[in-house]
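Engineer: Line by line, the protein sequences are chains A and B.
Numbering of the first sequence is given in UniProt numbering, commencing with residue 1 and proceeding in unit increments.
Numbering of the second sequence is given in UniProt numbering, commencing with residue 1 and proceeding in unit increments.
Hints are not guaranteed to be accurate.
In silico lysine-lysine, DSS-like type, Cα no more than 25 Å apart, as pairs [said to hold, decoys possible]:
#1 K61(A) to K13(B)
#2 K520(A) to K223(A)
#3 K187(A) to K221(A)
#4 K134(A) to K404(A)
#5 K142(B) to K66(A)
#6 K171(B) to K225(B)
#7 K81(A) to K142(B)
#8 K81(A) to K186(B)
#9 K217(B) to K184(B)
#10 K95(B) to K70(B)
#11 K539(B) to K464(A)
#12 K142(B) to K61(A)
#13 K19(A) to K172(B)
#14 K184(B) to K171(B)
#15 K464(A) to K7(B)
#16 K81(A) to K554(B)
#17 K55(A) to K428(B)
#18 K395(A) to K535(A)
#19 K474(A) to K156(B)
#20 K570(B) to K554(B)
#21 K81(A) to K171(B)
#22 K496(A) to K538(A)
#23 K664(B) to K55(A)
#24 K104(A) to K19(A)
#25 K428(B) to K66(A)
#26 K55(A) to K447(B)
#27 K108(A) to K249(A)
#28 K535(A) to K559(A)
#29 K622(B) to K81(A)
#30 K539(B) to K554(B)
#31 K61(A) to K235(B)
#32 K235(B) to K225(B)
#33 K387(A) to K201(A)
#34 K55(A) to K570(B)
#35 K117(A) to K201(A)
#36 K464(A) to K186(B)
For the record, the hints were derived by calculation from the structure and aren't laboratory data.
Note that the structure is a prediction, hence the values are computed from the model and not measured.
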Amino acid sequence: MGLSIISSEKREQEIDIQKEIFNSIDQNENIIFSSGAGSGKTYSLVESLKHIINKHGSRLKVHNQKIVCITYTNVAVEEVKNRLGNSDLVLVSTIHERIWELIKDYQKELVKIHQYKLNEEISILNNKLDAHSKFAAYRNLNNEQKSGLADLMISQTELFYKSQDENAGKFREIFGTQLKDFPNILKNYSDFKELIKIIYKINNYAFCLQHIDDKKEGYLKVKYNASYNSDRLHWMRISHDTLLEYGIKIIKSHNVLQQIIIDQHPYFLIDEYQDTEKTVIEIMSILTERSKEIKHPFFVGYFGDPAQNIYDGGIGKNISKVHPNLKAIIKPFNRRSTEEVVTIINAIRNDEIKQSSIYDDSKGGSVKFYAGQNEKIDTFIEKYKSKWGISLKNKLHCFVLTNKSVAEYSGFSNIYAFFANTKKYKIGYQQLNTELLSDNQVRLGEIPSFIYRILEFKSKLNLKNTPIQDLLNKHIYSDMDMGLLRAFITSLKNIKGNTLNELLESITDFYTSTENKKHKELITQLFDFEGFPDKSVKSYLSEILYPNIKEEDITETTKAIEAFLNINFNEFELWYKYILRENETDVVYHTYHGTKGLEFDNVVILIGNAFGRNQMYFKNFFMSIQNASEAKNEYYEEFEQTKNLLYVACSRAIKNLRILYVDDVSDFKDALSEIFIDVKSY
Amino acid sequence: MYLKKIKINNFRKFRVDNNIVEFVDAENYLKHKGDALINIAPITTLIVGKNNSGKTTITKALEKLIIDNKFEANDFNFKYLREKLAEYKNNYANKFESVSPPFLEFILTIGIEQNSNDLITNLVPFMTLENVVNSELDILIKYELVENENFHNSVKDLLDEGIVDRMLRFKKFVELLSDSMDFKLKYYNSNGFEVPFRIKDLIEIKAIKANNVENEKCLSRAFSKIVEYRYRSTKGKRDKKELEQIITEINGALSLNITDKHTNRINTSLNAIESSDKLEMILSSDISFKKLMNDLIKYEYIEYGDNIPETQFGLGYTNLMMIIADLIEYMEKYPEDSFNSKVNLISIEEPETFMHPQMQELFIKNINEAISSLLKSNQKNINSQLIITTHSSHILNSKIHSGNSFNNINYVTTLEQNSNVVSLNDKKITPQLGDNNNENNLKFLKKHIKYKVSELFFSDAIIFVEGITEETLLRYYLDNETKLNKFYISIFNIDGAHGLVYHQLIKLLKVPALVITDLDIKRTDIEKDAFTQISSLDKKTTTNATIKQYNNEKELLTNLPATLLTENLKIAFQGKINGFYATSFEEAFILTNFNNQILQDTIKELKPDIYNSIVGANSDIKEIKNNSYKLQRKLTGCKSDFANKLLFKYITSDTTAGLPLLPKYVTEGLTWLSTKLNIV
């Protein structure tokens, strides 16, 4: 069947490379281990961990020291843990979890940083009020009036949230009389709303600062919760990004903390370094410097592949600028794919890492490149479905160019269309890929993450084997007896709805009808937005997805949100399954980005000139190869990015790879032949 | 909440099957909890079995889990370890990729009563939505290595040594395990996720050991402790203060006395050596509440007006008193306002030690009375499950009869060197007979079993017979059979239909059982009057309930197999003997031995006229064979004489040659039994 007989010669070489890593570990010589797709990078990582356990484990145990292993996703965490077996010495986690573990006990310092951040946010908001033309009417008020307005509106918070979505006339009816002392303030109704929101925000932050000063309960500690990806600074809760920000701040400014981290964790192994945030590399670099100063042993090993850097936030090739003096080790073998696939992916990456298959029997795959048109896509897929005998057990994985097509093929096009048309994602189109389609729930955007939480909650309630702790946290269930718990669960199970709208209403009804504080707390945690329950879910959605919207657009956005919430519930379920990658179909559709780290027997890649908003994305790429262009330099970043994306996509295939180019390729046929050897038309 | 089940995997003699011990269920528990008259028999879980069957292992497992949190290499099942070593060997080439190091596993099932107000904070991490509905949940506990990789590496080194001797290699493997006993208890919920937990936060166990009569003053010590607890309890606080007042007074008086009589004098002598500001000392009395409690009590019992010291108390009584003292201590220690957030287990191990049989019979009743009077005297909400481990048939008997049920009896036996647990309950052992009278059958079984308990639960094999002749003769044969007589084989003489009542239970206990029954061929009145011999079963029917039951409910004997086998039961009955089918054991015996002198003599002695009329003037002994049915009918009234006369002749005969033989179906049955008992 192929890919089963390992060449003994190459195996020897692989062992030698592994020994080189071990050697560096033993000498505390920091390394950057790079190897291409499918090279068994995780294997090398796990072997390195095993080496440290066997060689240095007893010493580490005596000093109560740990080995840190950082991976990119929770899925990867589980994978490494499984391969490693039980070990108390190794801490495997994602970067955010680890950073939090490292700093969370230094609350005094964290709270200080938090205070600083709050003050910073307040001054940003104040600057906005001082500078933006929208707030001219506000600026014309004297100080007494300004604080009078703030006091009045803060006392009317509930009313404000409830009337937020009323039309301008109704809104003026509600607030007009109260605001007559503030000239022109209501002249532009949406500017006014924006103003009040800023005032609320400043007030919340100031309130929080005051409570920190007064050492009030709930304000003594900064909190971080991996399942929420948005800042709630005034609740003392920070998001993933803010966590990294606080992390580097606290580590940078505390020498002792650096030493504590070094002494407690003398080994740091970081997987997928190319996609790791720069902040993290900076932290590692600081620690390395510090360890040299105090002459304490410390080892950092980076494992990854610069050619697979496809996320903007990742450090990629620039790692050595941030963390210098790393010893480079390269592994040039491929353990995943057939020789035919390996040849192609080598040609794409075209750098110092040239892979060869580690197997003696590596032949037997097939790669073909076709030039065709959009209209041919369906017949193309059908052709390979029958040719390769595709079934639920032998799936075909099809990578498509746009998020839109993935959504269409996976059955949630209306949901996609809604988000793509919101103000937020029209501006931040790039983020939609991650924030709506990521298989890593941590990276979902605020509203997709909100919807996900609701769907997850409902779906878990329907499953028999859902652990209670997945639904209720300890604070909620503590002090309950069995009867109370049972009654609680029963009432939660009564939450129902045929549409998302009905479901949300049902949850809100539950909140208002229950007298029990703990019950209310659960719903507050689930919804997790400021102003609940006065502010409706619709207002929340509109606020985040259509920030600072103009008066004339309100009717339309309200309509859009209504329609979104009433989309057939089945579509939401399909989206939920897509996020969990649980779709049960024989052809599975992916975005290019979404396939990172995966491997499939059969792959069909659909490609064309355009990618995302860039009409010439791939065309530019192939053109610059075609012309061996000197223009490459100014175009370098984008060229690299495109190359990486294509590399990641093609290297997923184990046996069969088909590529269909849906635009005219005559301008860069030579470039294509250079990489894919033979270009056929379809 | 209560402990409902424990499944023990690979601990000592337990493997992965038939290893579930069930404890008293909620229904029983609640029903009896509020009763005015406390009867602990139904809420006691009994673990019963022969020596070395693994019954103590069960409470040992609980104690190790809850109290010690630690196991030894020797606690692993050795067969399991052997398999592990083999697995390591087979996966040497792939660096043990798929091998998990040895671990012990225990699955505790916790039951939660409906409407219970127990605090469940401890349990929620293990609870799923389904558990909330079902009111029970599993806690998975694994005793696992902390560092797999280190262990894999040592095993690799061991295999690299290339030891040829398998025994030695295995020994070294076990040593490796005990050297690297870097193990940890880990807890998982039913979805396999680890839960940070300590079992002792949920379950408490008080173990009352067998043979806890350690020394001559143990009873005094035990009651000292109880008195101390009582003083220390909220109610006893004032008494304690008063006592401490008295102690202070005594200390004062004694100190004065000491100073007066001793200290001054000693100081005077010391002053002679060194000046008083350097060496002067003060001696004072130092009795304290604690010291007093250590040696406060003298236990005596009163006999005919004399106070008899503890040392003269019989061991059996001392043992019983010690158990009761332990129980009192436990109850006194229990906090008074305690909410139930815990499962409380009291395990009493082999309490029968030193007790004579009648006392064993009364044991449960005695404990019952002790506990009920204890509970009456204080208001504590003690929520305890009692577990008694025993190999006493008397205690088992008293549990069945005081509780009037087979519920909550765990019978532990050894099958293929592994412990094998059978959890009995009324539902499981209720005879499943076709007569819709199952409840009455169960009643009958409970009554009838009273004197048979030890035979059923503690014998190696059982033979059911249906008459005095086979009982007498079989006993003689078994006593003289050099291999079978090494085993404890019970013979039950019970008539077929009633014997069936036992079968469900016997099947559960897995004791090999041979049922020797009769064909009981139905004859017409004419055939009866004519004493017709039967030489073919075609179209004949039987009146025998056992044969009918196991022959697919058929009365018809056409094509009846030579024997009927079901699980651990073999049903043996007459086949064709010297041309005829016998209807009873006696007839089969006569047919088998018609030309045997002893048989002929016996018949002649018992029924001379009939004998003579059958053999006739020519003494044609073949006629005995041809009239076997008639003879058995004539012998009906004097079966017992027939058996005893035969037995007498057996015993007085000088040689074994010439003794009558057992019918073939019986000897075949005994051969089957021998194989079941692994007799080669």
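Engineer: Between K217(B) and K184(B), is the straight-line Cα distance small enough, at 25 Å or below?
Structural biologist: violated (40 Å)
Engineer: Check whether the Cα positions of K622(B) and K81(A) lie no farther apart than 25 Å.
Structural biologist: violated (85 Å)
Engineer: Mind checking the alpha carbons of K171(B) and K225(B) for me, to see if they're no more than 25 Å apart?
Structural biologist: Outside the cut-off at roughly 46 Å; violated.
Engineer: Below or equal to 25 Å on CA atoms is what counts here, so check K81(A) against K142(B).
Structural biologist: holds (17 Å)
Engineer: Is it true that the CA of K570(B) sits at most 25 Å from the CA of K554(B)?
Structural biologist: OK: K570(B) and K554(B) at ~18 Å, within 25 Å.
Engineer: Below or equal to 25 Å on CA atoms is what counts here, so check K520(A) against K223(A).
Structural biologist: holds (21 Å)
Engineer: Hinted pair, alpha-carbon criterion (25 Å max): K108(A), K249(A). Please report holds or violated.
Structural biologist: holds (13 Å)
Engineer: Given the hint that K61(A) pairs with K13(B), test it: the Cα-Cα distance must not exceed 25 Å.
Structural biologist: violated (34 Å)
Engineer: When you check the alpha-carbon spacing of K387(A) and K201(A), does it fall within 25 Å?
Structural biologist: Answer violated: K387(A) to K201(A) is near 60 Å, above 25 Å.
Engineer: K664(B) and K55(A) were given as a pair; does the straight-line alpha-carbon distance stay at or below 25 Å?
Structural biologist: Violated, because 72 Å separates the two Cα atoms, which is more than 25 Å.
Engineer: Taken at face value, is the distance from the CA of K554(B) to the CA of K81(A) at most 25 Å?
Structural biologist: violated (62 Å)
Engineer: Hinted pair, alpha-carbon criterion (25 Å max): K535(A), K559(A). Please report holds or violated.
Structural biologist: holds (18 Å)
Violation of the numbered hints given earlier is confined to hints 1, 3, 4, 6, 9, 10, 11, 13, 16, 17, 18, 19, 21, 23, 24, 25, 26, 29, 31, 33, 34; the remaining hints are satisfied by the structure.
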